[in-house]
Amino acid sequence: MKLDIHPIVFFTSASLIIGFVVVSVFFNELLGNVFNPLLAGISTNAGWFFTLTVNIILLFILYLMFSQYGNIRLGGDDAEPDFSTLSWFAMLFSAGMGIGLLFYGVAEPMFHFQSPPVAVDSAAEAARNAMKYTFLHWGLHPWAIYALVALALAFFSFNKGQPLSIRSIFYPILGEKINGGWGNLIDILATIATLFGVATSLGFGVQQINAGLNHLLGIEQSPLVQLFLILGITTIATISVVRGLDAGIRKLSELNIYLALTLLVFVFVFGPTLFIANGFIENIGVYLTSFAEIATWNETFENTNWQNDWTVFYWAWWIAWSPFVGMFIARVSRGRTIREFLMGVLCIPTLVTFLWITVFGNSALYIDLFQGGTLGQGVTENVPLSLFLLLEHFPLSSLLSVLGVLVVVSFFVTSSDSGSMVIDIITAGGNPDPPIPQRLFWAILEGVVAASLLLSGGLVALQSAVIATGLPFAVVLLVLTYSLKKGLNEYTGVQTFSVKTGKLKARNFQIESREAPLVRFHKRTKKTNREESNV
Amino acid sequence: MYRQISQKFAGGCYYLLRKKEDAVVFLGTAFLMHEEGYLLTATYLLEENYEGLMVGKPSNPEAFSPLSLDTVQAFPLDVVKADYATNTALLRFSKPPMIHTPDHMVGNAESVQLGTSVLGIGFPFGHQELQNLGVQSAVIASKVCLRDRVNLFLFDSAIHTGMAGGPLVNYEDGRVIGIMIGLFVPKEEGGDFVRGSLPGYETSFSYAVSIEYGKAMLEDLGLTLR
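Protein sequences appear in the order of chains A and B. FYI, this note's numbering numbers position 188 of the first sequence as 188, with every residue one higher than the one before it. FYI, this note's numbering numbers position 103 of the second sequence as 103, with every residue one higher than the one before it.
Among these hints, one or two may not hold up.
Said to hold, decoys possible - Pairwise CB distance ranges, derived in the manner of DEER restraints:
| # | chain 1 | residue 1 | chain 2 | residue 2 | range |
| --- | --- | --- | --- | --- | --- |
| 1 | A | Asn179 | B | Ser94 | 20 to 28 Å |
| 2 | A | Pro435 | B | Pro97 | 33 to 41 Å |
| 3 | A | Asn308 | B | Leu223 | 49 to 57 Å |
| 4 | B | Ala158 | A | Leu478 | 54 to 62 Å |
To be verified - No more than 25 Å apart at the CA atoms, straight line, and that leaves these computed lysine-lysine pairs for DSS-like:
| # | chain 1 | residue 1 | chain 2 | residue 2 |
| --- | --- | --- | --- | --- |
| 5 | A | Lys505 | B | Lys19 |
| 6 | B | Lys95 | B | Lys81 |
| 7 | A | Lys500 | B | Lys143 |
| 8 | A | Lys505 | B | Lys143 |
| 9 | A | Lys505 | A | Lys160 |
| 10 | B | Lys19 | A | Lys177 |
| 11 | A | Lys505 | A | Lys485 |
Derived by calculation from the structure, the hints in this document are not laboratory data. Using N, Cα and C, we set each Cβ at its ideal position, and we do this for glycine too.
Hey, can you work out the whole structure from these sequences and the hints?
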């Protein structure tokens, strides 16, 4: 059996993950007592820092997009994209946002509508604000975070010849040290954060799917059902990862987008179409006009802590997920110029996200605003059901809900398989196509970890732990902006040879003469070929 | 751009020497093509004698070099492969130092068009006591394929013998497209080419073999080119 592993990263990561899961199974209360207050403390005291960091990242990405660096092609001037633009977009969108949008596309606007972040005079103002803050949390900032990590990985890997691994993005700062202990540490942390991030999402996700199935078909909500769901999702994700990026993940991502698009079009056509169309334009306008204000808002004068559960939570969450999503986006983005890449990763997904949130969020708001509905109350009481509660108000609601479940499942599978692919690559020392046994190992471990945490009740604590890593990683991202700028500067300037002889000393020689031998091309014969091979 | 190309390749160009007791004789130019210490040059410079080969270079090509430099610092080399048919030789430092090469070194010889500006880099060593790195600009005058299917670039600049073995770099993308061989002086019979002048055959053209042969030699060793 042929393996291609980075032994230190692979075995240390696997051991730590298994060890941590064992501890969380037996001591999940203790972990909760540590990480939940830690997360609360971070949200309260470091919210301003997250706000500062995400804005710096967004400005930096916009600067790169319009600067001279935009012309650099990832993979060199001759590189061509591995995937069509549609496939590329489908994959990065499926990995980047995916499942969260399905629930929070409906739930978040309704939450903000029910409990406005700031005092408002009318329901219309509350609805407008609800969409504005939802756009803030799902808009340019998260995609800028992903774009930064993905761009750094793609650039240092495809243009600078470093392995496709998180350690590579620190090459301009750490130099050759990235191949030693520091680099191993960075990759181990990224592996653990990615696996726990995906596994906790998988654990929560099956609870949500189970809730949906219960609502639709009356299937009981039980650990056994959820275990079967994990088994099913992990099996499909494993098959997808084993089949590879093109035959597996790309096809699933495309299927995913088609299913989601069908749902979106149906809700748009059979929902309050005019209200949605008006809302799409207005929501973007309100978001843009108030952008500077809401993007820098820190509740300073209100002296409240609404942001802790929303804005700061999101910033920490996106940052904690950025190694995983960034790595995946980098893997599929070879051959595009930096400008194309940033337009593709920052602008287009943001617009599609806005469209999605408007179609589902505005539809939900319409029901409560103009049809006397109480969707807001139902949604806030049971977030996992939010999508299905909305779909109840549409014709063919049962069929639509089945489609909803399928979209949820397919988004989960694409998050799971892309997460496994990222871990495969990191633990294979940056090999973009790791051997199949390794792919199997990580995909299955992901399911096992999710199942163990689900049964032991350690999901919440572990999710808090993952999000808490957002704070140190925010610092890392700021360092990364410097590192990437330095690398790009060196790349666009004249590159030269560097030859370090070290202890190898040259000898001094007198120059005796110069020779001017005749040049003569030999005809290629068997004899010359033999001479050649005998050298 | 010429200045940038010169800067890019200056650190990778060496004068090729042969050790004779405690002295060396100058053979031509060789240039680095891989971080594992591989260099390319023109095979004929080796004169079918692979003993005592060395390379050296001035400490700072940008500085005014003294006219009477009578000693050089040099490192020993091994010949990895020498192809007389294509006049391409692959050399390697006997003890490779730590090398970092620029990105995008190797160009595409096929896509080079007539009239493309090029820069030749090498050591016109000994010419009026000149010991330092030199560059010569030219345009691609012709693309020629020998009877033995060896692809050559002709360029409209008469290079000094010491430049032979140096890289010919495409002005447009700063990548190596050939290895300079010498003046282009075709004999009437046979289709061979000789360096030097024969009455009636003088041109101001020089020529280089396509880099594809050097590239193939490196790839045969399983090396990836940047």
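Here's how the hints hold up against the structure:
Remark: the range hint 20 to 28 Å for Asn179/A to Ser94/B is upheld by a beta-carbon distance near 25 Å. At about 34 Å, the beta-carbon gap between Pro435/A and Pro97/B stays in the expected band of 33 to 41 Å. At about 55 Å, the beta-carbon gap between Asn308/A and Leu223/B stays in the expected band of 49 to 57 Å. At about 56 Å, the CB distance of Ala158/B to Leu478/A agrees with the hint of 54 to 62 Å.
Using a Cα cut-off of 25 Å, the hinted pair Lys505/A and Lys19/B holds, with the two alpha carbons roughly 16 Å apart. A threshold of 25 Å between alpha carbons decides the hint, and for Lys95/B with Lys81/B the separation of about 17 Å falls inside it, so the pair holds. Restraint check for Lys500/A and Lys143/B: the C-alpha separation of about 38 Å exceeds 25 Å, so the hint is violated. Using a Cα cut-off of 25 Å, the hinted pair Lys505/A and Lys143/B is violated, with the two alpha carbons roughly 42 Å apart.
Proximity of Lys505/A to Lys160/A is assessed by CA-CA distance (about 29 Å); at most 25 Å being required, the pair is judged violated. For the given pair, Lys19/B sits about 38 Å from Lys177/A by alpha-carbon distance, which is inconsistent with the 25 Å threshold. Proximity of Lys505/A to Lys485/A is assessed by CA-CA distance (about 36 Å); at most 25 Å being required, the pair is judged violated.
Taken one by one, the earlier hints fail for this structure at numbers 7, 8, 9, 10 and 11, listed in ascending order.
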